[in-house]
Each structure stands twice: as C-alpha cells, then as structure tokens.
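A.B. asks: Each chain, written out:
There are 2 protein chains.
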Amino acid sequence: MPYRTKLLLLLLTALLAPAALASGVEHADPVAQLALALALILLTAKLGGDLATRAGQPAVLGELVAGVLLGNASLVGVTVFEFLKTDPTVDMLARVGVLLLLFEVGLESTVGQMMQVGLSSFVVACLGVVAPFALGWGLGYVLLPTHSAYVHAFLGATLTATSVGITARVLKDLGKSTTAEARIILGAAVIDDVLGLVILAVVSGTIQAAASGSAMSLAEVGWIVAKATTFLVGALVVGLKLSPRLFGIASRLQGQGVLLATGLSVCFLLSWLSSQIGLAPIVGAFAAGLVLESVHYRDFTDRGEHELEELIHPIASFLVPVFFVLMGMHTDLAAFGQPGVLGLATALIVAGIVGKQACALGVLTPGVDRLTVGLGMIPRGEVGLIFANIGLSLRIGGERIVDTATFSAIVVMVIVTTLVTPPALKWSLTRIEN
Amino acid sequence: MPYRTKLLLLLLTALLAPAALASGVEHADPVAQLALALALILLTAKLGGDLATRAGQPAVLGELVAGVLLGNASLVGVTVFEFLKTDPTVDMLARVGVLLLLFEVGLESTVGQMMQVGLSSFVVACLGVVAPFALGWGLGYVLLPTHSAYVHAFLGATLTATSVGITARVLKDLGKSTTAEARIILGAAVIDDVLGLVILAVVSGTIQAAASGSAMSLAEVGWIVAKATTFLVGALVVGLKLSPRLFGIASRLQGQGVLLATGLSVCFLLSWLSSQIGLAPIVGAFAAGLVLESVHYRDFTDRGEHELEELIHPIASFLVPVFFVLMGMHTDLAAFGQPGVLGLATALIVAGIVGKQACALGVLTPGVDRLTVGLGMIPRGEVGLIFANIGLSLRIGGERIVDTATFSAIVVMVIVTTLVTPPALKWSLTRIEN
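In order, the protein sequences belong to chains U and B.
The first sequence begins at 3 in the numbering used here and counts up one residue at a time.
The second sequence begins at 3 in the numbering used here and counts up one residue at a time.
Everything labelled a hint here was simulated from the structure, so no lab data went into it.
Where hints are given, some of them may not hold.
Cross-link-like lysine to any residue pairs, in silico, SDA-like; alpha carbons within 20 Å at most [to be verified]:
hint, chain 1, residue 1, chain 2, residue 2
1, U, Lys428, B, Gln258
2, U, Lys229, U, Ser219
3, B, Lys229, B, Val200
4, B, Lys178, U, Gln256
5, B, Lys178, U, Gln258
6, U, Lys428, B, Gln256
7, B, Lys178, B, Gln118
8, B, Lys428, U, Gln256
9, U, Lys178, B, Gln258
10, U, Lys229, U, Ile279
11, B, Lys243, B, Thr232
12, U, Lys178, U, Pro32
13, U, Lys178, B, Gln256
14, B, Lys428, U, Gln258
15, U, Lys229, U, Ala203
16, B, Lys87, U, Pro90
17, U, Lys87, U, Asn74
18, U, Lys87, B, Pro32
19, B, Lys87, U, Pro32
20, U, Lys87, B, Pro90
Whole structure, please, built from the sequences with the hints as guidance.
C.D. replies: Take a look at the structure:
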C-alpha cells in the first residue's frame, strides 16, 4: 500500500471511529469529551501540517485547510465533528494557544530590538490603516451606491484590521521570527491594534451618535488612545524594570517549575490587563514576551534549568495548533455560495491585499525587504470578523450597517486573505534568500 | 525587610490587586478572565509549594493548603477569589492536568514492570476494598443505629475509594515514582477503580432494586466487570502491539511537534475510551503512559528530538498544579462546623486510615516497604466525593441514603485523608532511606 494511502486510511479510522461513537454515548466525566476533541484536533493538525510541509508550504496552512475541511464536513452530511466547534473549552484553549504563540514570539525579541524598528513599525501601521480604509470606503461608494456613507466608512474600517497570529506563525514555521521584517510586522500589528480601537470607536461612535442625534465626543476617543498608549509604554518600561527583580524573588522560591510558572503568570496577567484597557489580550502576551529576557532569570539557568523558551515551546506546540485548526473550522464555506456575494467579496479581497501593500512604503529601516512586510500585513483573520460582527448589530435609520450579503462578503475576504498569506510569505522569504 | 515578609507582601499584592479589579470590570475577550484565573492559581501554587518545601513537605501539600485558604477566604468575607471556583475552563484544565499527571507517571513505567508487581497490586487492591468496606459498614451499624442497612453499606462503599492523584504526585515530588512501592500503589489504584465500579453498581443497584421492588441483575454486574477488564487488558495488549507501528507511521509525518502530538493523542483517546467503559479517564491516561515506551519512538529521538517525558513535563507542570489548587479550593471547611458531624467524621477518618492499612498485608513482592503501600492507599480525594454525591441522590422508603450530616462527615474524612497522606508518605519514604 503506498504511503499516502496508508496515511489517508489512518486519518479516516482515527478520526471517524471515535467521533462516530461520540455522538451516541453519554460521558460520565466531562473531561472525556474534551480529551476526544483535543485528540482529534491534534491528529488533524499534524496530518494537515504534514501535507502542507510536503507541498513546500508552512505547516499552519495545512492546519487551517484541514480545519476548513473538518468544519465544513457538514455540507456533505458528515456532522460528527460539529461538537468540536461548539465545545467551550476547546474554544478557550485555542485562545490560550494564540496568547502563547505571541508570548513565544515576544520572548525571541527584546524591547530594545523592537525600538530599533519602532519608527518603521509605526509608519507601516499607519499606512496599513489609511490605505485600506480609503480603498474600502471608495469601494463601498462605487459598489453599494444605495447604502449610506456610514456603510462605506464601516467597510473601510473592516479592511484596516491586521490579524498578527497567522503571520507570526508562518514566520515561526519558517524560522524567520527574529528577522527585521518580522519585528517590523509584529510591532506594526501591535500599533495597528491601538489604531483599530480608535477607528472602531470613532466609526461606531459616529454612527451611534448619528442614530441618537447626539454628538460624538472627541474626549472619549482621546481617552481611549491615552489608555492604550499608557498601557503599552507602561508595560514595556515598568515591565523591563520589574522583570529582573521579579525573577530575583522567584528564584528564591523552592520547588519545581517556578521559572515556567512565573513566566506564564506574567504573560497571563499582562494579557488580562491588556484586555481591561480594551486592547486584544495577545498584545499583552506579546509585551510580556518582550520584557522577559533571559539575562533576567540567569539565577535559574545558572543552576541548570531550561530557558523559558524551551519550557513554553511544548505547551505552545500543544495549544497553538488548536487555535489554527479551530480558526479553519469556524470558516463558513457556505458564505461563498450566497447570491451576489462574490462580486463584492472579490473587490474587498483586492482592496484588502492592495491596500496593505502601502505598508511597504513605510519601511524606513535599511536592508529590509519591503514586499515581505506588505505581505505579512495582509491577513485579517478574527479581527476582521469582530469588526463585521459589530457592524451586524449597528443600525442607522432602520438600516443595518452591515447586511447579510455584506457580512458574507467580509467573511470570504477574511478567509482568502488568511489562506493566501502563508504561501505568499513563504514565496517572498524564499525569494530574498536566493 | 526579612524574606518571609517580602514573600507575603508579594503574595498579597499579586493576588489581591488584580482580583479586586476583576470583580468590577467587564471582559471583552473571554480569555482575559481565564488568563487572570490561571495567573492567580499558578502564583498560589508556587507560593504554597515553596512554603511546603521549606517545611520539608511535598510541594503538593502546599498547593492543596494554599487552595483551601483561597477557597475558604469567603468565610472571612473575602469573595474576590470565588470566580476561580466556578470558571468552567479552569475546572476542565484541572481535569486535563490530572490526566497528564497519570500519563506522565505511566510513561515512567512499562507494562512489563507493572506485571512484575501485578499480583501484589491485585491483592493490595482487594484488601484495600474489603477492609474499609467492612469497617465502614460496622461503623454505620454502631453509630447510625436508626438508619437502614443500606445506609451502612453505602458508608462502607464510600470508604473503599482510592484517589491515586495525590499519591502519584507525592511520589513524583519526592522522585520515588519508579520504585516498586509506587508501582504497586498505582496498579492497585487502577484495579481499585474497577472494583469501585462494581461496588457502586452493586450497592446502588441493590438500593434502587429494593426501592422499586425489582431484583438486582447479576448479569449487569458481570457485564460491567467484563467491559472494564476487557478494556484494561485490551488497551495494554493491543496498545503495546500498536505503539511501535503508530510511532513508525508518525515518524514519517513532516513538521514540528509530531511526537508530542502523537503521545498526547494516545493519552486523550484512551482517557476518552476509558470513560466510555465507565472507568475514570485517568485509568486510560495511565494505561496510555504504560504502553508508550521510548524504544517505540527511537526514530524521533535518533534525529535529536526530546523524549516524550521531557515534552510532557512543561505541560504537566503548568496544568497539574491547577488540579491540586482547585481541589483545595473546593474543600469546604464549613463542613467541619456542621453540628453532630465531627464524631462520625472522626470515626470515618480512623476507619478510612486503618482500613487501608490492610493493604500492607497484600504486598507479596519481596523487599517492598509495606507501610508505604498502606499509607499510599489512604487518600480518598474526589473519588470519595463522587460516591457521597451519588448517595445524596439515592432514596429508599423516603429516606435519603446519605443525609446532609453524613455527607459533611464524608467531606471531612476526604479532606483529612487527602491532607494527611503527603506528610505520612514523606515520613515513611524518609524512614526507609535511613
């Protein structure tokens, strides 16, 4: 039997047998169903990753596509995998997974290294917001002439988002996460999260103000920017100062696993704090990774303990694939079939990709490949969907800001920009090497 | 400032500040609250573990006691930690933690090594069921003369449980998990889980049959035993045969983290299967650890990858403390204050401890310390509580099999047998060494 066939058979029996059983039987201990779900997701991730790697692509593309297939199996009548999509713990573990991914990527860089590319990141982030916003607005104006200007503005806002998870993972898969390109993209993604907050506040604030007749307060927007900036600067400055002292105290604690627990706690606390400010928790996780440096915990490594990266790595390689397989699973292929969607979707995809290429102009650091930076900013991922979901709930003069067809078009745009990024980045990075 | 005071201040600020904030603020991303919870639990675990280690005790005792303090802080008006007890993801992660603990312990032994002490384990398990059952029944007869024989039998059944988590963890904390004593205890705990199933089925079946007037079917009990035995023997025999082939196929998969994902998948699938049979999921996790041997995945280690144990360790050291801190938190100290409880509780504790010492007589392997085996079988943990909870829901002739006072006494017994085991085992193991 050829190898590929064997693998396929293994996949089928491994996945279908327990899942088929799962549907009929009750579970005494609630962890049993979670255990089954995690086993299925891990097997899916590794089989998908294998096929992608063989095809010369980053493993994450295989995880996403395998997830898409599993998540849309119900379209051809296979419903045994549906419980994976609705299990609340799987969802939470995926979210913890992306926190750990950003924490891990952050650990590979220092605050100093990020500062060196800080100006580039800032300009890249600004251009990556302005250009897609303008393109999206224009697109709405041309393609949805009967809708109000608010709808056009919201479409622009949806295109500004950057989902850093995909890019961070591709860079890790290819061993490129400490390059200048990677740092510029990661820094820009963090700044983009702050800018996204502002845009969301302004656009939805304006719409709500218009709907209720009251005026949108500029002070409110100022307050959001001030909070977010204070958090970021504070976390980096205070964190960098406290980190050696924290590890100093921690190194005096007796017992095993203190270094790992301290590192994880800092990651989790900053993620939480970041969310309290209104930023994405991954911003806090990334900041935590940046401020924790291996020289700070020399007390631990001097006595023979592993580096924090090495300790985090197995946990991340358990939970990160859960995030990407689940992201794939939540991809609704049915959106492609909605009538009248594909035209708008195609336009959005072009605007989304072309718009982010403006980022390339923002790279001020010499010797950096501009195209890689532009491509790395393409994926919209879950951030675009969050915007779209908010749009679904906003109304002005009885008209929904984002109607069902527009929502489906945004979903298609998110799917395509997410799936197109791994091969594009891989191509671009290979191009530099040659 | 002396070291202890510093630590205490660190504890207070680290724990109280975010928890106090948490109560008032809404969370945008649901992972934020989980992140906060995990950070608090990890800090609590490490501080508790530090104090226990300094006091010459296994770290797990510190985690349990720290959990008890946090979980009962509401008795003195501090309610900010209550969200940790009710967070469903924290609960699930704790359950995954104990799966990983048993998987890790299982990885340290082989099926062959377990078979060598198999007979001892079997006799130890049987004695550890018969003696506490008889003592519990007698105790009920003497102390609760107005209750029916069913109540007395149920009390006996509750005393037969063994919670292997505590003992496994203590043995790991002390680096003793590959000793003959450890293997006998672990094997006995697995067999005890099968016996516990049978007892629970017989006792509750008899009670339900008596209540409904129908007869209890012996065939049913036979079916339960057959299923459980088939699963255990099947998992070990088939698992041992399939494991090298599975890793052979897995080693041909390209991409990172394949060994870890394969190991975790086997652990999770067997945990799930075990639960489908009616056994505790940890039995499946332990069996998975036993059948996976490092010679089976030499293809991976030969090309420089870490051993499975090394890969699982960081994940376990993240999630295992969550289990023990949460077990501590769920300990309801208010049970001690119930009127009329302490007398019955004291009697149950004595019967529970003395009864399990009969296990010492079952050790047939030469050179094994009998007292250590007897002490290792003491903790009742969550298994005793599961029994008690079932008793709460059973009624015969309008009388509840387990009333509130009896339930509280069982809770106290579970708390004391759980907390007394770490120091007792530590003492016993140190005694052998000298």
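A.B. asks: Are the hints correct? Go through all of them and say.
C.D. replies: Cross-check of the supplied hints:
The straight-line distance between the Cα atoms of Lys428 (chain U) and Gln258 (chain B) is roughly 17 Å, inside the 20 Å bound, and the hint therefore holds. Of the supplied pair hints, the one linking Lys229 (chain U) and Ser219 (chain U) holds, its CA atoms being roughly 16 Å apart against a limit of 20 Å. A distance of roughly 11 Å separates the Cα atoms of Lys229 (chain B) and Val200 (chain B); the hinted pair therefore holds under the 20 Å criterion. About 19 Å separates the Cα atoms of Lys178 (chain B) and Gln256 (chain U), which keeps this hinted pair within 20 Å; it holds.
For the hint linking Lys178 (chain B) to Gln258 (chain U), the alpha-carbon distance of about 15 Å falls within 20 Å, and the restraint holds. As the CA atoms of Lys428 (chain U) and Gln256 (chain B) are separated by approximately 17 Å, the hinted pair is consistent with the 20 Å bound. Annotation: proposed proximity of Lys178 (chain B) to Gln118 (chain B) holds, straight-line Cα distance about 18 Å (limit 20 Å). The straight-line distance between the Cα atoms of Lys428 (chain B) and Gln256 (chain U) is roughly 17 Å, inside the 20 Å bound, and the hint therefore holds.
Pair hint Lys178 (chain U) plus Gln258 (chain B) holds up; C-alpha atoms about 15 Å apart against a cutoff of 20 Å. At roughly 6 Å between alpha-carbon atoms, Lys229 (chain U) and Ile279 (chain U) fall within 20 Å of each other, so this suggested pair holds. Proposed proximity of Lys243 (chain B) and Thr232 (chain B) is supported: the alpha carbons are some 16 Å apart, at most 20 Å. Straight-line distance between C-alpha atoms of Lys178 (chain U) and Pro32 (chain U) comes to about 40 Å, which puts the hinted pair past the 20 Å bound.
For the hint linking Lys178 (chain U) to Gln256 (chain B), the alpha-carbon distance of about 19 Å falls within 20 Å, and the restraint holds. With a CA separation close to 17 Å, the supplied pair Lys428 (chain B) and Gln258 (chain U) stays within the 20 Å bound. A threshold of 20 Å between alpha carbons decides the hint, and for Lys229 (chain U) with Ala203 (chain U) the separation of about 13 Å falls inside it, so the pair holds. Between Lys87 (chain B) and Pro90 (chain U), the direct Cα distance comes to roughly 17 Å. Compliance with the 20 Å bound is thereby established for this hinted pair.
For the hint linking Lys87 (chain U) to Asn74 (chain U), the alpha-carbon distance of about 11 Å falls within 20 Å, and the restraint holds. Restraint check for Lys87 (chain U) and Pro32 (chain B): satisfied, since their Cα atoms lie roughly 16 Å apart, inside the 20 Å limit. A distance of roughly 16 Å separates the Cα atoms of Lys87 (chain B) and Pro32 (chain U); the hinted pair therefore holds under the 20 Å criterion. Between Lys87 (chain U) and Pro90 (chain B) the CA atoms are separated by roughly 17 Å; this keeps the pair inside 20 Å, and the hint holds.
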